[in-house]
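Quick mapping for you: the protein sequence lines, in order, are chains H, X and L. If you count by my numbering, then the first sequence holds residues 1 to 481, one letter each, in order. If you count by my numbering, then the second sequence holds residues 482 to 578, one letter each, in order. If you count by my numbering, then the third sequence holds residues 579 to 1014, one letter each, in order.
In case anyone wonders, no lab produced these hints; they're calculated from the structure. These numbers were taken from a predicted model, which means no experiment stands behind them. For glycine and all other residues, C-beta sits at the position ideal for the given N, C-alpha and C. Don't take each hint at face value.
As the list claims (entries may be wrong) - Among chain X residues calculated to face chain H with C-beta under 7 Å, some are:
no.	residue
1	524
2	527
3	529
4	531
5	541
6	559
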Amino acid sequence: MPEFETVIGLEVHVELLTDTKLFCGCSTAFGADPNTQVCPVCLGLPGGTLPLFNKTAAEYTIKAALALNCKVTPTIDFDRKNYFYADLPKGFQISQFFHPMGKDGFVNVNLNGENKKIGIHQLHLEEDTGKLSHIGDIMSSPISSVDFNRAGVPLMEIVTEPDIRSAEEARLYLQKLHSILCYLGISDCKMEEGSMRCDANISIRPMGSTELGKKTELKNMNSFRSVYRGIEYEVERQRTIVLSGDSVIPETRHWDEAKGVTRAMRSKFVSADYRCFPDPNIPPFPASAAWVEKIKDTIPELPDARHSRFVEAYGLPPYDAEVLTTSKEMADFYDGVLACYNEPKLASNWIMSELMGLLNAAGLEITESKITPAALGKLLELIGKGEISGKIAKSVFEEMFNTGEDPALIVEKKGLTQISDADTLHQIVSKVLAENPQSVEDYHGGKKKALGFLVGQIMKETKGQANPQLVNDLLQEKLRD
Amino acid sequence: MKLIGLGEDIKQAAWDARINLSPEEETALERQLQNILRQAEFLKENEIYNAEPTHYPYTQQNTLREDNPSPSLPLDKVLENAPEANEIYFLVPRIVE
Amino acid sequence: MDINKLKNLNAFISLTSAVKTGETEPAGAITYALADNICTTELKTTCASFMLKAYQPPFGSSAAQKLKEKGALLVGKTNMDEFGVGAWGKSSYFGAVKNPWNEKHTAGSGAAAAVAGGAVTLALATDRWGELRQSAAYCGVMGLKPTYGRISRRGLIDCAPSLEQLGIIARNIADLASALETISGNDPQDPTSYKGDVPSYTDQLQERVRTIKVAVPESWADAPYMTKEVKEAFANGLGRLNKTCFQVETVALPHLRQSLITAVIIGAVEAFSNMANFDGVRFGLRAKGNHLQEMYRLTRTEGFSSEIKQFLTFGALISSGNYYNDYFLKAQKMRTIIKKELDQCLQQYDLILAPTTPFKAPLLGDGDNVNNESLLPDSAASYTAAANLAGLPAMTFPLPSPGTDRLPTAALHFTAKAWDETLLLQTARLLENEQE
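Make the full structure from the sequences, and use the hints.
Right, here's the structure in full:
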């Protein structure tokens, strides 16, 4: 059986988190009543379509281009992509066909511990379209309604080189891209709400071949998981076709999440010729080196850099660093904990197991956590100084998670401080030994297990607050006597 | 000179512009086009190859707008001119042919 | 004002209520008309098209708003060829506009007819490859197309944004200068509008002008359809220019003759795109169609005149497939060459002078040789299109009409350096003084 190589390129559309649209002052707020966030410009009314370029959209896109290691265009200009469709008010979409904002970048993904660069072909800025709703589905709907609120919202498109070789790589790339864009704070990147959309160009070819096979374009994947599943399915479908001696039909296909299959979409709206040309209503704007530099200065430490710092400066295992840096908020939290109490591995353990466990169980985001980084730092300090045991700390932590209270206060209020005072423990140890002569005898008779029983009795007596190390030392000392 | 197939090209262009031309209009346009393309022969001269295209009449740079919301149109004004609409939406005929 | 006299001419599409009820205008008020592709909130804006027959814009033109704020009185919206493309009197949904001097001939536009006929002090209209200047010449009045960006285009329903601008038609230079001063200036709503200061045109009109160096292209008589009477009238006009004011020289401007085709190609492609918003969804006409794409086709087929349909189809064709690189892109390159040629000439000379049109106002109907020609290419624009390609200010000034009906025969067409409208106005002032 011949072996195949999968070749995938992804096109990701991301809505930018600006307050207003790309070329007019209409609000971009999500969830407004239909057609209440429109004006002559974004409605394409006659005589009203002079576009006024949003500065923040420009800066966000340059920020993204820099973060994705792209070359930034020296001059920002826009082109018209001409076609007729009901969600497109002007009969053309303003996009960047000739001079994309960024070119020739890359994203690093961690593939089984190896770093792989996924090339970014280009990144450009364009207008989003309006939204159509149908009665039933689009195929049968006798009439459709149009809401232009979304028309003109700034949309950034990021196109990869055909560098992706599997569904897993596609998912890793998408997660990394998501992570970077969220770090930049330029999009909320919610695939479920459509503020991040992903199309995949998929083809297969015999292993070792350098020619590209016939590709299909896969659409309608609304989560990382469905991107993975959709690609897996489509690759297998293409394999089956090729193995049976047929050839793949180049077409656009729809991922059906419920049925778990891809279906051909008739390419009825696609124009063969968009006749792209520079929009005469939008004079070019020079992206000066000084301006780009200024934008660069606003870029926060990105996932890769943070990962390296966590490994090199904190000595974290790469796995921990990966988990902690996926979201900026999590990484900020971690840095915040260390700023209060610098025990990197202890902090990482607590965040990755205890905090993430409770957050997941409660369905909360890190930003919704009642525990502040400083509070967790304090808790870890209490453990480190031996004031509370690890076991007690867990119950304190739960209390903090539910109430947001200060750990020291909880400890004090509940009297949970560890008993590390030798005199106090001395008395308790003597008492327990006196009450359990049989166990003492057993111990002396060679049953070392009896020691464990005695420790347990002491912990019981102290409600778990005894310092375990001290108890051990004292017991052995007394039993020797 | 690329005049063969001009009639077909006109049909395709009209289709792309979402316009139905009558046979008379197609003939009239073809005649005009032959005239224009003949007169446009100068566009094949060598000097043009080295020129940069001018897309904008002069080189004033664009102004960037601050990202501050301004009022949108009231809904009644939005839908006022719509040939077909309900209280909140524009309506279009079936999408699928 | 005598609106009734102008009724026969078909100059207006709509009139403001003040005029209809016969109210007299405030003493000394400036009255103005707007071509009906300039949006106003008080009157419908039809572009003389069935497509927009009932369109009420929710906002108005920035330039018209400035006139209003100055106290000028809007009389009405004027008729024109559909969407202002051409000055032939062929394609208006509301019929052709007759020339006030001879009703058998076109006026080119209702704006020019209204000014020439005395209905208004001035009119604003658009100029894509010369329509405003041509119609002003046909009607024997002055017409100015300023530098691209001088006047805001906000609220102008244009077809070819890189060529098209608002301009002014008036009977005398003082009114024209004052109107230009009022409506010029930066508009934050128009990214292509000029950010520099607006000169005080009325004050500068009074300034003494040094000798003006004028370049006349040696090919000035070569335009297609150039008539003998225009040739004679223009040569005559040249000869009568005051030698102490004007120093005239003949120059070679070899690419000037390419400007018409170049402008028509660029204009058609831009129009194909710019007018794609006429789709029957948000405004204007909608025809019944069984599905979306059919609705688009039937709407646009019913809504546009035959001329516009052919114009848009031409635009779609010349930007498609191989035509894009062979013609559209090349035309954009030729535009650079023409622009450079004019700019270089204007470094040595103050003005370029040619006839405004190669012929006088064509006969309406099929009676005229010229008028049998179709819109494409628009031979009337042979001398005017270059200024649109280069974004330069240009102005037409009427020459005296020898004919018994006083139908204007020819006009002088001046092109100046970018932003130097002042010199055009001063030149017109000199000529006006001589004629008085």
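- prompt: Against which earlier hints does the structure fall short, listed by number upward?
  reply: 1, 2, 3, 4
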